[in-house]
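Enquirer: The primary structure of each chain is shown beneath.
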Amino acid sequence: MTLAMRFVDEYRDADKARALAARIADLCEPGRDYKFMEVCGGHTHTIYKHGLEDYLPEAVTLVHGPGCPVCVIPMGRVDDAIHLAEQPDVIMTSFGDMMRVPGGNGSFFDATARGADIRMVYSPLDALRIARNNPDKRVIFMAIGFETTAPSTAMTVLRAQAEGLANFSVFCNHVTIIPAIKAILDSPDLRLDGFIGPGHVSTVIGCTPYEFIARDYGKPLVVAGFEPLDILQSVYMILRQLAENRSEVENQYSRVVPWEGNLKAIEAITTTMETRAYFEWRGLGFISHSALRMREGYAAYDAEHLFAVPGGRVADPKACQCGEVLKGVLKPWECKVFGTACTPETPIGTCMVSSEGACAAYYNFGRFSRERVKEATVRPQGARP
Amino acid sequence: MCLGIPGEIVEILPDRPDLATVDVSGVRRAINIGLLEDDLEPGDWILIHVGFALSKIDEDEARAALAFLESIGEAYDEEIAALRESMIEAEKG
Ligand code: SF4
Chain B
1 MTLAMRFVDE YRDADKARAL AARIADLCEP GRDYKFMEVC GGHTHTIYKH
51 GLEDYLPEAV TLVHGPGCPV CVIPMGRVDD AIHLAEQPDV IMTSFGDMMR
101 VPGGNGSFFD ATARGADIRM VYSPLDALRI ARNNPDKRVI FMAIGFETTA
151 PSTAMTVLRA QAEGLANFSV FCNHVTIIPA IKAILDSPDL RLDGFIGPGH
201 VSTVIGCTPY EFIARDYGKP LVVAGFEPLD ILQSVYMILR QLAENRSEVE
251 NQYSRVVPWE GNLKAIEAIT TTMETRAYFE WRGLGFISHS ALRMREGYAA
301 YDAEHLFAVP GGRVADPKAC QCGEVLKGVL KPWECKVFGT ACTPETPIGT
351 CMVSSEGACA AYYNFGRFSR ERVKEATVRP QGARP
Chain R
1001 MCLGIPGEIV EILPDRPDLA TVDVSGVRRA INIGLLEDDL EPGDWILIHV
1051 GFALSKIDED EARAALAFLE SIGEAYDEEI AALRESMIEA EKG
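Protein sequence lines correspond, in order, to chains B and R.
Numbering follows the numbering used here, with no gaps: position 67 of the first sequence is 67.
Just so we're on the same page, the numbering used here is the position in the second sequence counted from 1, plus 1000.
Think of the hints as simulated: they come from the structure by calculation, not from any bench.
Owing to the predicted nature of the structure, the values given are computational and were not obtained by experimental measurement.
No false leads were slipped in.
Residues of chain B clear of chain R, computed beta-carbon distances all greater than 10 Å:
| no. | residue |
| --- | --- |
| 1 | Ala14 |
| 2 | Ala19 |
| 3 | Arg32 |
| 4 | Ala113 |
| 5 | Ala214 |
| 6 | Glu248 |
| 7 | Trp259 |
| 8 | Thr270 |
| 9 | Gly339 |
So the derived label-pair ranges between C-beta atoms look like this:
| no. | chain 1 | residue 1 | chain 2 | residue 2 | range |
| --- | --- | --- | --- | --- | --- |
| 10 | B | Thr271 | R | Leu1013 | 19 to 25 Å |
| 11 | R | Glu1085 | B | Ala308 | 27 to 33 Å |
| 12 | B | Leu158 | R | Thr1021 | 17 to 23 Å |
| 13 | R | Asp1015 | B | Leu158 | 17 to 23 Å |
| 14 | R | Gly1073 | B | Ser288 | 35 to 41 Å |
| 15 | B | Ser187 | R | Thr1021 | 45 to 51 Å |
| 16 | R | Gly1073 | B | Lys137 | 32 to 38 Å |
| 17 | R | Pro1017 | B | Glu58 | 51 to 57 Å |
| 18 | R | Leu1013 | B | Ala243 | 49 to 55 Å |
| 19 | R | Pro1042 | B | Asp89 | 39 to 45 Å |
Beta carbons: idealized from backbone N, C-alpha and C, even for Gly.
In isolation and in its complexed conformation, chain B is listed as follows:
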């Protein structure tokens, strides 16, 4: 109640939000509980920032999905990247989010302290500039992210090729969202009633790749924007489908997301990259056809081809429950080390590193946490031993 008030007070569209919340409540069948997964970390961020869960009727629970690219990079890949960074004459480049992600052998920051040359970049095109300016070095870009960042990596490789730049390569860790959603749908741990679909991934892949979710699994999916009202409206749209016994893909964010996606971006990806047979996701294990690697024709830009990559598997720390958090089985505050051993300064798991990670988002907006923790202990719904 008080939390909801706080949200309403702060939010400029308070009246609209209040009206939507009432309509959402009207659509809930008495005695029925609803669980919707927001796939994208950006949505998780908005939900915690604005305390949206406290605003929804109690029958509606939002569970957080695997859509935080930094969160799903397995420890072994971090170690591989550090190994690459420590090769002679190598400059490793990476998005800032990646710097604190722990591997079995520390993070990029730790490797920098040991003498590796690892530089933060805003864009893969900045990594390309570093390659241009350091012709005697081998510059590797640590490529991470879903279909939102994969086109940028692809375009950068194409640019490197056009320029005939021989000292630039990509350590490709791009993952794709559809197989992850499918893995969650097939996992026995969780019963979901619908999905809030990722907004920005969908600007690239469009809405049709989600159709199997509605068709084969009978779950509604609504592609959503990032503002509180967008998310509330999407919840409303999912509930309306359920009330009308429909399961379809709908696009709440059509002002940005075209139904067919960005064809040029898809083309850039498919020109330079192909699907891997399988890829390990942190916490989720191996998922078939869930990641991208450079095509053979682009081997000259593929760090996995140019260098020997150890490819070791490192088990997640025992205390780490990121897998449960990424699958939506556990809420962040239900992890035993949340906020004690695991904080954004000393992350044990990846969900605490990126601001899109559920644990970090929850930790940073801790104004809600005390109430939540109390509630979780009083009402152990969904909590696991």
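Following the hints, complete the assembly by docking chain R with the ligand onto the known chain B.
Expert: Same frame as chain B, but now just chain R with the ligand:
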């Protein structure tokens, strides 16, 4: 990294039609517009991910998105700080 940030096109670079100078919350940087089919011109708004425009948006959407991003604080500040460091296609130096 995953935040899509809106920017306003200031100028399409004459010798590089795939690059535009874009104003993002007062920071002007080169952004790659090669993934958009639209004919873009100064005054158009785009949604940017890691140096690339992924979609064209209208001004109302851009302003709403900006107001929202400014409200989320730190994550957006970090993105703008990263953009500030960016020197896409500054050929040498
Ligand atoms: S609190 Fe830390 S270890 Fe636990 S799930 Fe979150 S990130 Fe992983």
